[in-house]
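Residue 165 in our numbering sits at position 160 of the sequence shown, and the numbers go up by one each step.
If you are wondering where the hints come from, they were derived from the structure by calculation, not from laboratory data. Mixed in with the good hints there might be a few duds.
[As the list claims (entries may be wrong)] Below are the DSSO-like pairs computed for lysine-lysine, each with C-alpha atoms no more than 27 Å apart in a straight line:
1) Lys58 to Lys138
2) Lys7 to Lys78
3) Lys235 to Lys7
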Amino acid sequence: MKIAAIQMCSGLDPAANLAALEPLLADAAARGARYALTPEVTMIFPENRDQLKSVAAPFEGHPQLAAVGGLAKQHGMHVHIGSLPIPLEDGRFANRSVLFGPDGAQRATYDKIHLFDADIAGLNAYRESATYKGGDSAVIAPLDEFTLGFSICYDMRFPRLYNALANAGASLMAVPAAFTVPTGQAHWHVLLRARAIETGSYVIAAAQGGSHANGRATYGHSLVIDPWGKIIAELDQDRPGVLVAEIDPAAVTEARRRVPALVNARDFAAPGLRD
Numbered sequence: 006m007k008i009a010a011i012q013m014c015s016g017l018d019p020a021a022n023l024a025a026l027e028p029l030l031a032d033a034a035a036r037g038a039r040y041a042l043t044p045e046v047t048m049i050f051p052e053n054r055d056q057l058k059s060v061a062a063p064f065e066g067h068p069q070l071a072a073v074g075g076l077a078k079q080h081g082m083h084v085h086i087g088s089l090p091i092p093l094e095d096g097r098f099a100n101r102s103v104l105f106g107p108d109g110a111q112r113a114t115y116d117k118i119h120l121f122d123a124d125i126a127g128l129n130a131y132r133e134s135a136t137y138k139g140g141d142s143a144v145i146a147p148l149d150e151f152t153l154g155f156s157i158c159y160d161m162r163f164p165r166l167y168n169a170l171a172n173a174g175a176s177l178m179a180v181p182a183a184f185t186v187p188t189g190q191a192h193w194h195v196l197l198r199a200r201a202i203e204t205g206s207y208v209i210a211a212a213q214g215g216s217h218a219n220g221r222a223t224y225g226h227s228l229v230i231d232p233w234g235k236i237i238a239e240l241d242q243d244r245p246g247v248l249v250a251e252i253d254p255a256a257v258t259e260a261r262r263r264v265p266a267l268v269n270a271r272d273f274a275a276p277g278l279r280d
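Build the full structure now, drawing on both the sequences and the hints.
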């Protein structure tokens, strides 16, 4: 099965971002991809919360999502919007992934669980939870011969999520992201390879890459990693592009046979361990 990671440099205009996505999806389909993943914040990469409020659309009847469903049907492939902001009743937003099937219908959604709240030396405190509400449910979905596990960006730092997805049957982990350049250089490859190795799963990571209208710069380097932790495809750039790779479910079976970490895992007690 061929899969594609779509790398973008999303801006502040949802219509313009959709227009930029359309030829990238067409390229992926022309190269035989059955599944295409886009980055985090595909449809709007906000400058601030007020700007986000002015353009974010409700989930029901969302104009860009309706258009993406049509593109999935047109190309006859699964299209996975890595994330977009969805307004919630409490004034915050869900950072939501949406998977469309080849028939154009929505197959699954996932709200990003882990939110980045940190005090960074030399910078102001960053509180993602002030703008977004974290999800509370892991999600898997069938994808031809694979089972897809959902995650978004900062989730990749929490291996417990991927362990739960793998134990639920996931064999391909989706990681749409918008990594900054410094953290990308330091952690991008090693974290994603670790998630593949510890679960014996393929990992596809679709990234934002380039200098954005909101003043941010993102790392790019979209990846596909095999269940043994080998990078089998990389978009070695920080600008839009399409990365296509072929994956084989037999490789998942073989990796998990050689290192049966999922079945060897044991429950244990530890001071302060949370359920």
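Check your understanding: Which of the stated hints cannot be reconciled with the structure, identified by number in ascending sequence?
Key -> none
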